[in-house]
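K.L.:
If you want the building blocks of each chain, they are given just below.
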Amino acid sequence: MKVVVDGVTLDLPPGTSAIDAVFAAGSDVPYFCSQPYMSPIGACRMCLAKVGAPRKDRDGSWILDEETGEPKIFWFPNLMATCTTAVMDGMVVDTRSEPVKAAQNGMVEFTLINHPLDCPVCDKGGACELQDRAYEYGEGVSRFVFDKRHQEKHHALSDLITLDRERCIHCKRCVRYFEEVPGDEVLDFIERGGHTYIGTLEEGLPSNFTGNITDICPVGALLDATSRFRGRNWEYHHTETTSLDDASGSAIVVDGRTGRIERIKAGHHPEINKTWIDDGTRFGHEYADAPDRVRRPLVRHDGRLVETDWADAMDYVAARLTEVNGRDVGIAIRADATLEEGVAARALADHIGTGQLDHAPRPAGGVIAAGGQARLEELAVAGAILVVGDVTEEVPIVDLRIKDALRGVTPPSLFDHGAPIADLRLKERAPRHAEILTVAAPLRVDLMRHAGRAAQYPAGGERAFFHALTALAEGETPADGDLGMPLEAATAAVDGLRKAETAVVVLGGWVLASLQATEAALHFCRAVGAKPMLLGPMANSYGLELVGVAPSHARYAYGGMLTGAKALILSQLDPAIDPAVAERLDKLELLVVHASFLTATAKLADVVLPAAIGYEKDGTVVNLEGRMLPVRAAPVDAGESRDLTGFVKAFGEAAGQRLEGRSVKSARRWLKKGLGVDLDALPEHGGWAPAKRGPARVAVAVHEAPAHGGALRVPTMVRAEVLDRNPHLRAATGGLALGLHPDDAAALKLRSGDEVTVPVAGVPRRLVVRPSEAVPAGLATVPATPDEPVGLVPIDLKQIALERRALEVA
Amino acid sequence: MSVLDIAKGMGVTLGHLFKKPMTVQYPEQKAPVQARFRGRHHLLRHPDTGLEKCIGCSLCAAACPAYAIYVEAAENDPANPTSAGERYASIYEINMLRCIFCGLCEEACPTGAVVLGHEFELADFRYQDFVYGKEDMLVGVKGAKWQRREAAAKGKDVELGFTAPPRPELEGVDY
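Chains L and V, in that order, give the protein sequences. Numbering of the first sequence is given in the working numbering, commencing with residue 9 and proceeding in unit increments. Numbering of the second sequence is given in the working numbering, commencing with residue 387 and proceeding in unit increments.
Please keep in mind that the hints were generated in silico from the structure rather than gathered at the bench. Ideal Cβ placement from N, Cα and C applies to all residues, glycine included. Honestly, I wouldn't trust all of these hints.
What the hints assert, rightly or not - In silico contact screen, one side only, chain V against chain L (beta carbon under 10 Å); selected entries:
hint	residue
1	Ile441
2	Gly442
3	Ser444
4	Ala447
5	Ala448
6	Tyr456
7	Glu458
8	Ala460
9	Glu461
10	Gly471
11	Arg473
12	Ser476
13	Cys495
Sequences and hints are given; from them, build the entire structure.
P.N.:
What follows is the structure, encoded as structure tokens:
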């Protein structure tokens, strides 16, 4: 459609909003309430412009201007809000004439009437849309001589978000966000007119995606409590990187100042997280600056760990390793290590001459499905979705993309100015196609609220569940009880998956924990023609599997290594939380631990080397859909912490060898040679990982006994292993929860909030009791950590020890 | 240039030989400074409540062309506030070696908290002694770090090497 904006002629697709036409033409109108990926509502009236269009006569021809002979432009009687106006053929938009300027000017003045002038103490100051628009479009002088509206100044909406009600300009972005994006309606306007304020009914914001409202608030009304008063916006150093908190590969921006991470904001990746991130990713950064961070290498002398430097520590390691047969050395790294670190670990294993190399947690079923897996973009437009697992906690972005699919609006195509500012296809309170979504889990999970069908199969019954579904798909009658939902519902779900153009089956950690369940799931996917999406347990599970950080034999896998190896090099792993493992580790000839904190394992180590965490690394990760994404180091003071490439470099220097993977650059040379990917030329939004795997080590065949036990380790949005070092997030989540059915809790005489210690698979866990109807009777849920991955494990509820009673609520 | 011009010039020189010298025998004599002289910074308090005027907004640091100012803010304890309002400067440092005494911080300050005073005797021995913190600049502190150090060692009051017209606004600026 031909549109003329301020004299610039454009050809735009129908359905484009006038505001996007204005920006596409390089012109500018101010706006507060529009927000990419959200419905335009025209609340702020800032984007007013003079809009006109030609009209057709009854005979279908254009009404012509008598003087010029051109189609006559009929101007709208009033200025139009461009965000809610769709373009018409031949439309003319004028953003520069006098009435438009007067209107913009007046709206800025009107918006500022009740806005306090506390910019110097406001955390949004310097990055505030209202400040910028007032500067660009305002009068500069206030005519308002009366008292401004006074409301509550720092109302804690939750432990993570502070609301300043005076600053609110009622753009409704936050209210719309909760309804439209995560579908958790937890905020709304209360009262009317000048008294309107944002509030919640219940205490706090029960959603996993609350932090995004601090990003989209155009003023300083909604602020991140973790960075309250930490620095001004112009002082922050912004690092655009990729989150290593889960397998989604969400784009984030790490804001640091004077060597500290002060806050994390959502980055923009149109095909992954759009502009949203979950609260675990946003607020879970405080541990990076925890006071007990290991900042210098430690070597054990006379039974005590003594500080030293990298060269000394590595001389010691290299010397001690010569005393051990290379084949008896085990190397294990955590699965959020970058691709480059994976190469470094391989190089180290090759140099030492061991096949005992692994990454953990590595689910038995693997995370790369043969034949390719669904992409997030496919998920967002899928016509039928089956989810097995708790995605809202496991990879929260997948949850949001599923909700995109429920809304049934395809992701918008981008303009030069980015995502459409006003996508007219999006509507407030749009109907959701809940019928396309089936959610199955051993307990009631959050996504089931949005699902047309929910199935609650018995814990550990993933394999049986998929067998039953496959039987159904093949026209047989499945065994009763395996499906966890009525037969008609299951039939509808299977039919939906088979008939949909794009059908996606999302497999959570409980499925991947078992090879047989994964195979059953993939078999089912083939049977109905659905694409699988495997949720890897950590940020780079996919990538490490790709480059082949895997043992040369099944008995050399991480679990076997802990019993079989005589010397161990562990990066960021903490197996010694299990007292039985700790006992064995204590007897090792050499234990080298590369860790960020003095963990239980580090305390047993001969050498502790300070490890860089995700925000401090340069490298590449591969997310769950197989997309390589760049990780960039924020300028953070982490002492002498290094990542594994730094580890290998120091080791190589001590051993007199130049090892592959001694730096990010060297690792990338290897990746170019081995996998044929040039990571130095990685596009801004990442590139697809090659289908070809790294020089293969043998695939691990796991002889699998069915999982059993009374505790289900569940994924959590927060990183459970560092939750205690994230004080804000800990307060908001109330600590790590032991989920029990209320009857079970009552039988154990436990109340909500009681702090208990209970052995779970031999590991004493300190947890907070949270009775919940969502948990089936006879099952307990405990949060999974990288060292205790998701799955069914035994728990000894008889040995539960009460540490602290919750306060009695009168 | 004629001989007459040279004689004229020499005449000026000769004339000055018989005038009262301008030289001040500093530090034996006290140097007079003008009221608007820009010397070491003062951090002011509200005259009535005694609360600090500084709210830790960092605008002085943003305005500073020499990057001499470092501010870290924190939240006031409502029961025992440091400044008026929610926010105060927990760290306020000026590196006097970097400072060019241009007074832009004073202009940028939205609360009139930082004001350039008269003190100019800031020479010291160690780099870290040039970084002035809140305790060195809050109103009421007299003298540079070394002057207070020496005065404390000798058990005397700080003696400044200059005279200046009184500046009552240093105790509290009306804005």
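K.L.:
Starting from the hint list further up, note which numbers the structure goes against and sort them upward.
P.N.:
none
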